[in-house]
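Chain residues, written in single-letter form:
Protein chains: 2
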Amino acid sequence: MELWYTEKQTDAVGLTLRVRRTLVSERTPFQHLAVLDTEQFGRVLVLDGMVQAAEGDEFIYHEMISHVALHTHPAPRTVAVIGGGDGGAVREVLKHSSVEKVVLVEIDAQVIEAARKYLPQISHALNDPRVEIRVEDGLRHVKDNKETYDVIIVDSTEPVGAAVGLFSREFYMDIFDSLKEDGIVVAQTESPFYNKDLIKRCTSMIARLFPVTRLYLASIPTYPSGLWSFTLGSKEYDPLAVPAGRFSDIDTRYYTPDIHRAAFSLPRFVQELLG
Amino acid sequence: MELWYTEKQTDAVGLTLRVRRTLVSERTPFQHLAVLDTEQFGRVLVLDGMVQAAEGDEFIYHEMISHVALHTHPAPRTVAVIGGGDGGAVREVLKHSSVEKVVLVEIDAQVIEAARKYLPQISHALNDPRVEIRVEDGLRHVKDNKETYDVIIVDSTEPVGAAVGLFSREFYMDIFDSLKEDGIVVAQTESPFYNKDLIKRCTSMIARLFPVTRLYLASIPTYPSGLWSFTLGSKEYDPLAVPAGRFSDIDTRYYTPDIHRAAFSLPRFVQELLG
Numbered sequence: 000m001e002l003w004y005t006e007k008q009t010d011a012v013g014l015t016l017r018v019r020r021t022l023v024s025e026r027t028p029f030q031h032l033a034v035l036d037t038e039q040f041g042r043v044l045v046l047d048g049m050v051q052a053a054e055g056d057e058f059i060y061h062e063m064i065s066h067v068a069l070h071t072h073p074a075p076r077t078v079a080v081i082g083g084g085d086g087g088a089v090r091e092v093l094k095h096s097s098v099e100k101v102v103l104v105e106i107d108a109q110v111i112e113a114a115r116k117y118l119p120q121i122s123h124a125l126n127d128p129r130v131e132i133r134v135e136d137g138l139r140h141v142k143d144n145k146e147t148y149d150v151i152i153v154d155s156t157e158p159v160g161a162a163v164g165l166f167s168r169e170f171y172m173d174i175f176d177s178l179k180e181d182g183i184v185v186a187q188t189e190s191p192f193y194n195k196d197l198i199k200r201c202t203s204m205i206a207r208l209f210p211v212t213r214l215y216l217a218s219i220p221t222y223p224s225g226l227w228s229f230t231l232g233s234k235e236y237d238p239l240a241v242p243a244g245r246f247s248d249i250d251t252r253y254y255t256p257d258i259h260r261a262a263f264s265l266p267r268f269v270q271e272l273l274g
Numbered sequence: 000m001e002l003w004y005t006e007k008q009t010d011a012v013g014l015t016l017r018v019r020r021t022l023v024s025e026r027t028p029f030q031h032l033a034v035l036d037t038e039q040f041g042r043v044l045v046l047d048g049m050v051q052a053a054e055g056d057e058f059i060y061h062e063m064i065s066h067v068a069l070h071t072h073p074a075p076r077t078v079a080v081i082g083g084g085d086g087g088a089v090r091e092v093l094k095h096s097s098v099e100k101v102v103l104v105e106i107d108a109q110v111i112e113a114a115r116k117y118l119p120q121i122s123h124a125l126n127d128p129r130v131e132i133r134v135e136d137g138l139r140h141v142k143d144n145k146e147t148y149d150v151i152i153v154d155s156t157e158p159v160g161a162a163v164g165l166f167s168r169e170f171y172m173d174i175f176d177s178l179k180e181d182g183i184v185v186a187q188t189e190s191p192f193y194n195k196d197l198i199k200r201c202t203s204m205i206a207r208l209f210p211v212t213r214l215y216l217a218s219i220p221t222y223p224s225g226l227w228s229f230t231l232g233s234k235e236y237d238p239l240a241v242p243a244g245r246f247s248d249i250d251t252r253y254y255t256p257d258i259h260r261a262a263f264s265l266p267r268f269v270q271e272l273l274g
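Sequence lines, in order, name chains A and B.
One point on numbering: in numbering that gives the first Met the number 0, the residue at position 244 of the first sequence is 243, and numbering is uninterrupted.
One point on numbering: in numbering that gives the first Met the number 0, the residue at position 30 of the second sequence is 29, and numbering is uninterrupted.
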């Protein structure tokens, strides 16, 4: 028997993955959660029917959502990851020796539990003593913690259900206040092929608050269209002006200092979204 | 009724597209040929079950297989496109004002006919007076035409069936001889996620013949993994040393001079393929 999982990435296009077996499939208070063991990409975390992290390519997403901001800041010590209960972004953040504390703010405890149990390659860094796990609403957390963070990483799901607020202006105003005076925020902002309006909205929202706003891209096969965008807002430092000496010799499979710069080179149709 | 077309891009992963209708589905002397009208990407040319060109994203592939080499050469006058019967690469080549002649060498006349009939957005430049269409074997053509071309574009299908020879060492030796003394070849060399061995083999094969060999990447949603590689071999000019003044102001939707450079910035796991 062949078992296939198909994610409808839009109404008219899907990614279909051959599945060895379903490790877990359950409803949490916030969403449907599944972990599938796939032939092509190994184990895959699926939330509300959408691939969040696959063992075979999660390194790209997690490296790119973390290392660009953490190299842009000259000495990031305190970092928050909003969402990202799988632990992949935390794992990458901890590769930076300046980091003293990472606060993981995940609303759904069952995501963390499933990642610990079924996705140790992604979640193992959650056991690091520098990590503080807070099972709470990210919107509440940034409202309650002023001038706390050097870097905030918004590692959200798609802008539906529990994550809608993570794409709101109010949330970014609170993030601005939750960052220190030279802080940086970075958020995943979906596909430049399928989510043009969302990218326009997020970049202009962040640009109204932060003096430096930049969009960058990475190729992630299991994500819709295979091309993914990240939006970075910075109070002081420009990711395109990182001194060469600052790039640390961290262990990566996608990110390099050269990729750091090239990721900001946007295809013309993406440039045009930014107006 | 919902009609879906699914391409098995590997044994374990597929792309599935919602289809409005099938415009043509026929067997040619060389392959199975279909043109589907899809919701997401408009009309799609499918050869032997694999997407070759979709109206919605073909601009990326055709711009990137053409403009990098054509800007690397200081004055390309005579260009061959091997394969590429849809006419998309020819359309992009003709945007360069130095070009006097483009020879399209397509083995399968029915690809050209289907493109003319169903894909005018892609094929319209085939009517340009600078285009010479030759329905013949590309392997034969380069063997028979010595020191003829400034640029040769190998716009092949996947390395199965009729296209196997287009990935052979003998073919590249003949291409070398078919190029003028400062000529450039560029070939599509598949996905860095799914075709690592092919990329290794092609880059090392081309590097044994050409003093300058470079791999570059572009994001193409309808192609396997969404990330595609191109390998460029050059007798004299380096695509990374194009003088800024040479970039012409051509009409593109993906390619820019900045993308030209950034496309050569390779993720670490791709760099490592090159040894």
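Everything labelled a hint here was simulated from the structure, so no lab data went into it.
Possibly wrong hints are sitting among the right ones.
For identical chains, the list gives no copy identity; a pair is met inside one copy or between any two copies.
[Stated by the list, open to error] Listed below are the simulated EDC-like cross-link pairs for lysine to aspartate or glutamate, each with C-alpha atoms no more than 20 angstroms apart in a straight line:
1) Lys142 <-> Glu180
2) Lys7 <-> Glu38
3) Lys142 <-> Asp196
4) Lys234 <-> Glu1
5) Lys195 <-> Glu38
6) Lys145 <-> Asp181
7) Lys234 <-> Glu6
8) Lys195 <-> Glu54
9) Lys7 <-> Asp36
10) Lys199 <-> Asp47
11) Lys7 <-> Glu157
12) Lys195 <-> Asp176
13) Lys100 <-> Asp176
14) Lys7 <-> Glu131
Source: prediction; values computed, not measured.
Now for the hints, and whether the structure bears them out:
Taking the shortest alpha-carbon separations for Lys142 and Glu180, only the intra-copy value of 16 angstroms comes in at or below 20 angstroms, while the best inter-copy value is 66 angstroms. Proximity of Lys7 to Glu38 under the C-alpha cut-off of 20 angstroms is found in both arrangements, the shortest distances being 19 angstroms within a copy and 13 angstroms between copies. In the homo-oligomer, the alpha carbons of Lys142 and Asp196 never lie at most 20 angstroms apart, since the shortest distance is 27 angstroms inside one protomer and 50 angstroms across protomers. In the homo-oligomer, the alpha carbons of Lys234 and Glu1 never lie at most 20 angstroms apart, since the shortest distance is 51 angstroms inside one protomer and 49 angstroms across protomers.
In the homo-oligomer, the alpha carbons of Lys195 and Glu38 lie at most 20 angstroms apart only across protomers (17 angstroms), although the nearest pairing inside one protomer, at 31 angstroms, exceeds that limit. Taking the shortest alpha-carbon separations for Lys145 and Asp181, only the intra-copy value of 13 angstroms comes in at or below 20 angstroms, while the best inter-copy value is 62 angstroms. Proximity of Lys234 and Glu6 under a CA criterion of 20 angstroms is satisfied in neither setting, with 38 angstroms inside one chain copy and 46 angstroms between copies. When the C-alpha separation of Lys195 and Glu54 is checked against a cutoff of 20 angstroms, the pair qualifies only between copies, where the shortest distance is 18 angstroms, while the shortest distance within a copy is 27 angstroms.
For the homomeric pair Lys7 and Asp36, the shortest alpha-carbon distances inside one copy (19 angstroms) and between copies (18 angstroms) are both at most 20 angstroms. Proximity of Lys199 to Asp47 under the C-alpha cut-off of 20 angstroms is found in neither arrangement, the shortest distances being 25 angstroms within a copy and 38 angstroms between copies. For the identical chains of this complex, Lys7 and Glu157 are intra-copy neighbours only, at 13 angstroms inside a copy versus 26 angstroms across copies, given an alpha-carbon limit of 20 angstroms. Neither within a single protomer nor between protomers do Lys195 and Asp176 lie at most 20 angstroms apart by alpha-carbon distance, with minima of 27 angstroms and 46 angstroms respectively.
Proximity of Lys100 to Asp176 under the C-alpha cut-off of 20 angstroms is restricted to the intra-copy arrangement: shortest distance 19 angstroms within a copy versus 61 angstroms between copies. In this assembly of identical chains, the alpha carbons of Lys7 and Glu131 never lie at most 20 angstroms apart, being 35 angstroms within a copy and 43 angstroms across copies at closest.
In terms of the numbered hints stated before, the structure departs from hints 3, 4, 7, 10, 12 and 14, listed from lowest to highest.
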